[in-house]
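Student: All chains, please: the whole structure from these sequences, using the hints.
Here the protein sequences come in this chain order: G and F. Be aware that the first sequence starts at 1, since it is given in this note's numbering, and climbs by one per residue. Be aware that the second sequence starts at 1, since it is given in this note's numbering, and climbs by one per residue.
Please keep in mind that the hints were generated in silico from the structure rather than gathered at the bench. Bear in mind the structure is a predicted one, so any value in this text is a computation, not a measurement. Any given hint could turn out to be false.
Said to hold, decoys possible - Derived DSBU-like pairs (lysine-lysine); straight-line CA-CA distance at most 30 Å:
no., chain 1, residue 1, chain 2, residue 2
1, F, Lys140, G, Lys186
2, F, Lys175, F, Lys23
3, F, Lys140, F, Lys166
4, G, Lys186, F, Lys166
5, G, Lys186, F, Lys150
6, F, Lys180, F, Lys166
As the list claims (entries may be wrong) - Partner residues aside, some chain F positions facing chain G, computed with beta carbon under 10 Å:
no., residue
7, Asn64
8, Asp68
9, Tyr137
Claimed, not checked - Derived coverage of chain F by chain G (criterion: at least 3 residues anywhere in the stretch with Cβ under 8 Å from a Cβ of chain G; other residues may be distant):
no., segment
10, 29 to 42
11, 46 to 55
12, 114 to 126
13, 164 to 174
Quick reminder that beta carbons are idealized off the backbone N, C-alpha and C, glycines included.
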Amino acid sequence: MTDLDQAQPTIRRYLLGRLDDAGREQFEEHFVRDAEFREAALIVEEELIDDYLAGLLPADERARFDAHYLAGPRQRQELTMAQAIREFALEDAAAAPAVVPKPTGRKLLDFLSGRGWIPALVVATLLLVAMAGSWVWWMSGSQGNEQQLVTAAAIARLNKPPYSARPTFSVPLTGFLNRASGQAQKFAVPADIDIVQLQLALPATPYQSYQATLSVTDGGEQFTVGDLSAQQTEAGRLLNLRLPARILTPRDYTLSVSGRTTNGSDESVADYYFRVLK
Amino acid sequence: MKQEDFDKLLVWLHHDREQSGQKYEAIRESLIKIFSWRGYYDAEELADEVVNRVAAKTRELADNYVGDPALYFYGVAKKILLERERREQHQPLDPTMKMPDTATEPDEAEASARRYECLQKCLRELDADDRMLIMAYYQKSKQAKIDYRKTLARQFDMGTNALRVKVFRIRARLKTCIKKCLQTSPPSETN
Numbered sequence: 001m002t003d004l005d006q007a008q009p010t011i012r013r014y015l016l017g018r019l020d021d022a023g024r025e026q027f028e029e030h031f032v033r034d035a036e037f038r039e040a041a042l043i044v045e046e047e048l049i050d051d052y053l054a055g056l057l058p059a060d061e062r063a064r065f066d067a068h069y070l071a072g073p074r075q076r077q078e079l080t081m082a083q084a085i086r087e088f089a090l091e092d093a094a095a096a097p098a099v100v101p102k103p104t105g106r107k108l109l110d111f112l113s114g115r116g117w118i119p120a121l122v123v124a125t126l127l128l129v130a131m132a133g134s135w136v137w138w139m140s141g142s143q144g145n146e147q148q149l150v151t152a153a154a155i156a157r158l159n160k161p162p163y164s165a166r167p168t169f170s171v172p173l174t175g176f177l178n179r180a181s182g183q184a185q186k187f188a189v190p191a192d193i194d195i196v197q198l199q200l201a202l203p204a205t206p207y208q209s210y211q212a213t214l215s216v217t218d219g220g221e222q223f224t225v226g227d228l229s230a231q232q233t234e235a236g237r238l239l240n241l242r243l244p245a246r247i248l249t250p251r252d253y254t255l256s257v258s259g260r261t262t263n264g265s266d267e268s269v270a271d272y273y274f275r276v277l278k
Numbered sequence: 001m002k003q004e005d006f007d008k009l010l011v012w013l014h015h016d017r018e019q020s021g022q023k024y025e026a027i028r029e030s031l032i033k034i035f036s037w038r039g040y041y042d043a044e045e046l047a048d049e050v051v052n053r054v055a056a057k058t059r060e061l062a063d064n065y066v067g068d069p070a071l072y073f074y075g076v077a078k079k080i081l082l083e084r085e086r087r088e089q090h091q092p093l094d095p096t097m098k099m100p101d102t103a104t105e106p107d108e109a110e111a112s113a114r115r116y117e118c119l120q121k122c123l124r125e126l127d128a129d130d131r132m133l134i135m136a137y138y139q140k141s142k143q144a145k146i147d148y149r150k151t152l153a154r155q156f157d158m159g160t161n162a163l164r165v166k167v168f169r170i171r172a173r174l175k176t177c178i179k180k181c182l183q184t185s186p187p188s189e190t191n
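Tutor: Given below as structure tokens:
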């Protein structure tokens, strides 16, 4: 396989018209006879378009892109296609409303009219739970934020020793693309369970500590808990995340895990997608 | 081009019919790309011109040529470009000459709507994991961080190059599906 990082600078210079005649012919000969190099060139071309559309090209490269690369009609068609795919993908992501503090009435209306797997009975139950003042995601203004803080703090306590001896249900999860294609991660929480322990298989790279953010898929952030520690087991690195069972209502979730490096910066580690069944 | 010449051309490229067909397509597509990158609006016609000239010489090439046939095609392509440049240098510009109309759709709004429909259809046809990866790729790119590909690769526990290749191949399938859909979907009715 052609080394993309190594080939990229020359390919970019060619596409932006910055190679001299000899360099241009050398590139074109390579392109016509070497299938791996051809794929590398097409990858770099596509990424150049991505960077152009994302506003990541420096000014001089942007000018060359406009003046030289877009001189060809096929390139303009490629740009149009790339732009269409990008806009569709970003609209698709933006279509889910962000979770923001709202007045109680409006939030409940949104909750009742929104998408999801929750039948009317569960909705009614959740309304009662909300009125009783237990852990509910959408409350009015500052009170909603306080509830979220209490929830995050309570979950953080659950994940610190000494661990609760309450009935616990363990669920192993693997990160996106580390599991077999089509293998769904879904489970139902048994009725008599207080705590769900998500056993997250981590990539091999170790970090000082981890942070987990749980979101409803197509929704906003629910909570974040940090300062989590992974264990090294025979099966690899595992992160156990304990959650109150009652917060995992039947819907689709995304759990994003990031790791803290030795120099204090945070890096994305893995995303886990799972569905809680009725 | 005579069919006999084309058949001989394929045999020259490879004795196996299927492999020769693949080689021929790869060479032709490469030439189209090169002509287009050089700014020529008639890239496909130029590539066909190259093929015609090479096909006409296949008998001699089969007996005498040593080396990668793709490089011979490229050599002919360079010659055609040189002829073209010389011709254009000696032709005075015609002030009444119009640039060829490269628009493929008469109505951009209609084209955009059809493209959108085809996008939806083709994204749905992607494997769920592939769809998720492509969506994550664009969402990460919106964060406008120069190293978003590295971040994504780390997140998916794969090398950066492997991620780039995977994204490219998924998008290639997507674009093929969209182009096919656009060719087969009827234009919407206008009032």
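Student: If a hint holds in the structure, say so; if it does not, say that too.
Tutor: So, going through the hints one by one against the coordinates:
1. Lys140/F <-> Lys186/G: Roughly 26 Å separates the two Cα atoms, so the pair holds.
2. Lys175/F <-> Lys23/F: holds (22 Å)
3. Lys140/F <-> Lys166/F: holds (16 Å)
4. Lys186/G <-> Lys166/F: Distance ~26 Å between Lys186/G and Lys166/F Cα, so the pair holds.
5. Lys186/G <-> Lys150/F: holds (29 Å)
6. Lys180/F <-> Lys166/F: holds (21 Å)
7. Asn64: Because about 19 Å separates Asn64/F from the closest Cβ in chain G, which is outside the 10 Å limit, the hint is violated.
8. Asp68: holds (5 Å)
9. Tyr137: holds (8 Å)
10. 29 to 42: Three-residue rule met by the segment 29 to 42 of chain F, so holds; n is 11.
11. 46 to 55: It is violated: at least three residues are needed, and the segment 46 to 55 of chain F offers just 0 whose Cβ sits closer than 8 Å to chain G.
12. 114 to 126: holds (count 5)
13. 164 to 174: holds (count 5)
Checked against the numbered hints above, the structure violates hints 7, 11; every other hint is satisfied.
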